[in-house]
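Peer 1: Each chain, letter by letter, is given below.
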Amino acid sequence: MEKVIFEQLDESLYYEKLPNGLDVYILPKKGFSKTFVTFTTKYGSIDRSFVPLGEEEAITVPDGIAHFLEHKMFEKEDGDVFQKFGQYGASANAFTSFTRTAYLFSATNHVYESTKTLLDFVQQPYFTEQTVNKEKGIIGQEITMYDDQPDWRAFFGSIENLYYNHPVKIDIAGTIETIDKITAEHLYTCYHTFYHPSNMLLFAIGSVDPEEMMSFIREDQAQKTFPEASEIKRIEVEEPLDAAVKVNELKMDVLKKKAYVSFKAKITDLQGKAMLKHELAVQLALDLMYGRSSDFYEDMYEKGWIDESYSYDFSLEKGFGFAMVGSDTNYPVELELAIKKVMNDSASALPFDAEQLERVKRRKIGFFLRALNSIEFIANQFTRYQFNDMNLFDAVPVIEELTMADVVEAMTSIQGIEQQAMFTIKPLNDTSEKA
Amino acid sequence: MFNTTEIAKGVNVFTRKTDQFKTVNISIRFKKELSIEDTASRTVLTNVLQHSNATFKTAAAVRMYLDDLYGTVLYLDTTKKGNEEIVLLNIETVNDQYLKHDNVLDKVLELIHTVLFKPNLENGAFVSSIVAREKAMVIDRIQSIFDEKSRYAQVQLQKLLRPNHPASISVNGTVEAVNAITPESLVKTYKSMLENDAVDIFVVGDIDEVQIIKTIKTALPLADRATPYVVKVVEDTEPITDYKKEQMDMRQAKLHIGYSTPVKFGDIDFPKMQIFNGIFGGYPSAKLFVNVREKESLAYYCGSSYSSQYGLVYVTSGIESQNEEKASRLIDEQLTAIQLGDISDMELDQTKAMLTNQLTEALDSARGQIEIYDQYRDLPGGFSVPAMAEKWAAVTKEDVANVAKNVRKETVFFLTGMEEA
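Protein chains in written order, with numbering that gives the first Met the number 0: chain X, 0 to 434; chain C, 0 to 420.
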């Protein structure tokens, strides 16, 4: 077992790669009574075309399958896994993102029993046609729930605008039609391909003894047999740089219009420290341009073109990335132009000085220090960083070292005019022209 | 858990020294009795104070200064508890020891003073353009509820279930009440809050308790409250109807059901009702989740919540419109089952374990420590996790069945999509 100390943050991280390939990380936290354990596979909604384990030919599976599989992992021959966690008072949950599927629990006692339950239920699949079909009604309701949420629709509408081919444009849960095609056999194929321990990471944080926990997991894994680890072959798609659809809109039964401008990222092939540095630099640039202390924000707020729903964000994973800026607004057209103007002006020269950069750096450092109080935040974020060969605890020192030159360089990833798109949500009775 | 110091009559400081967190958390709470007019006014006031003061006149200037203080979080908000309305000023700032320089905490307390005691006034009133802007923001907030269908359905249910009652009064007030606010009326609200409200100040972090109380006394020069703080108990109002259906152009229908219970927060049967709610629909192991979702595949979510301040239980679920009757019947059956004592050992034990775990976990965050303490310190006998766990441990199946017998279905609000062609 290795131990890495992050001195400035006063944290110690323990690591071991087990013989079956599973990466295990443990972070003890003083003074906390709960333990949070996450068990995550590097498999998400974008992994739809791949060569199944032990086969030669690539296949494409129905949309929404990673998320469907996540749901079905909880049902076993002898009942529902939630009940087992419940016996120990542990809260269990799971989520599927574009690139990951995570299973987790938090508990204040019986931590080893719950850890065992977590390892067992994720490593022992049980799917039948009957249980698969039963789940379609439940997930169907999850899909329609999201369909009625304007924020979610604006988010996905924006991604659909940006991408021609990349599967990030497909809703994580799929559609009623695509999930209807899913069979137990599909689930087993995806499971065996992506749930091998060598494609997974276990992270325990909180009131936990690292030596004891590590040996508990080591022994558990030694008792289980897995096939030899083999490389996963994902089929990559060709994706042009420009936005596929420049303008689109959706009408919903809402009172408020929503306007979102999105920017497709050019630089999506970095990993490790380089990716961490790049990602933080883009975030700082967005803070400078669109943050709540920016001229832009003040101007928009004074004019009443944005309200409290205003937000901006940058997402980056290997193979795709995008920034989004938007708000509920009565002035979607004006707001779109204003957002784009800030971005386009930045292409010639970033109009910010060292003092402003220092300010947003401080804010970002403060954000990480606050976030590191939260076991949930660390548990949810740690694995995402690790899957990209980054370390969450490097963020603060990396921010401290970032310069204006770094920020200017990073910004070139999202500055191209052809990389921009606009998505608007409008009330049903809205008769204004398509922007 | 907290040490209490009264710095003026009706003004209490609760401190907790701990090295558990990398930040210091402060929460200042101005409390008064709830009223419809005042909710709107106090909400607009929090927005105005948040975004402008005599030193930092614009929202951007406030934000810039907060950024300089390592992204210190400072926000004002309004909330309610029972028949109380509360103005909150919450602050989280990094602990100096993780930084290379600066005495951030002192500067933060100075800023709190500025925000609360140096408002941006013009001829004795708040700046009218700022008031107009923040009124518009609050109106936007009130109206945006319509766009979140499950929140909208819940608000409609509450209005039907307990009309003109704290349970259904929004802390943001109404659009009409917001429109009626003037820069002058807002000054009255502001002064009344500083002079008359009961004030609780919570501080959690690696602090010097003696020093911080001294600093707070300077930063918050609050005078003795003239009258002791008492909140009237409000009589429950009668539901307007037992069923209402509304249509919107949406894909998923929302089934929201309101129940009454005579058991409220702090009553002797309160822990029994908490267990009842856990077994009914509080967790993924509960009857509603297992039967409506897992067995019948009718819903993605179906759960219950116990609003103990008002003696109400809510069931909420998202379903297909055509399944309304079936879902309603299944939900009714789960309540009947509990009333008849059809409760397994596992259901009872799980719920006790979950409640204890949840409470223990909540104490892992500074915010959680403040919230839990503020909520539970009113309980007879004070608060500790083992004491609560002991009360839950003593609850039997018969106890749960007995409190369930007094849980009465009052009102259903069904928000449905358009009929399928």
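A few of these clues could be false.
[To be verified] If you want the footprint, here are the derived chain X segments under chain C, 3+ residues with CB under 8 Å:
1. 31 to 39
2. 146 to 159
3. 211 to 217
4. 351 to 362
5. 408 to 422
FYI, nobody ran anything at the bench for these hints, they're computed from the structure. All C-beta atoms in this analysis are idealised placements derived from N, C-alpha and C, irrespective of residue type, glycine included.
Peer 1: Three or more residues of the segment 408 to 422 of chain X near chain C by CB distance under 8 Å?
Peer 2: violated (count 0)
Peer 1: Go check the segment 31 to 39 of chain X versus chain C for me, would you? Three or more residues, Cβ under 8 Å, otherwise it fails.
Peer 2: It holds, with 3 qualifying residues against the three required.
Peer 1: Are 3 or more residues of the segment 211 to 217 of chain X near chain C, judged by a Cβ distance of less than 8 Å?
Peer 2: That given contact is violated, which follows from only 0 residues of the segment 211 to 217 of chain X lying within Cβ reach (below 8 Å) of chain C.
Peer 1: Tell me whether the statement that chain C covers the segment 146 to 159 of chain X is true, taking a Cβ distance below 8 Å and needing three residues at minimum.
Peer 2: holds (count 4)
Peer 1: Quick check: the segment 351 to 362 of chain X, covered by chain C? Criterion 3+ residues, Cβ under 8 Å.
Peer 2: holds (count 4)
Violated hints, in rising order: 3 and 5; the structure is consistent with all others.
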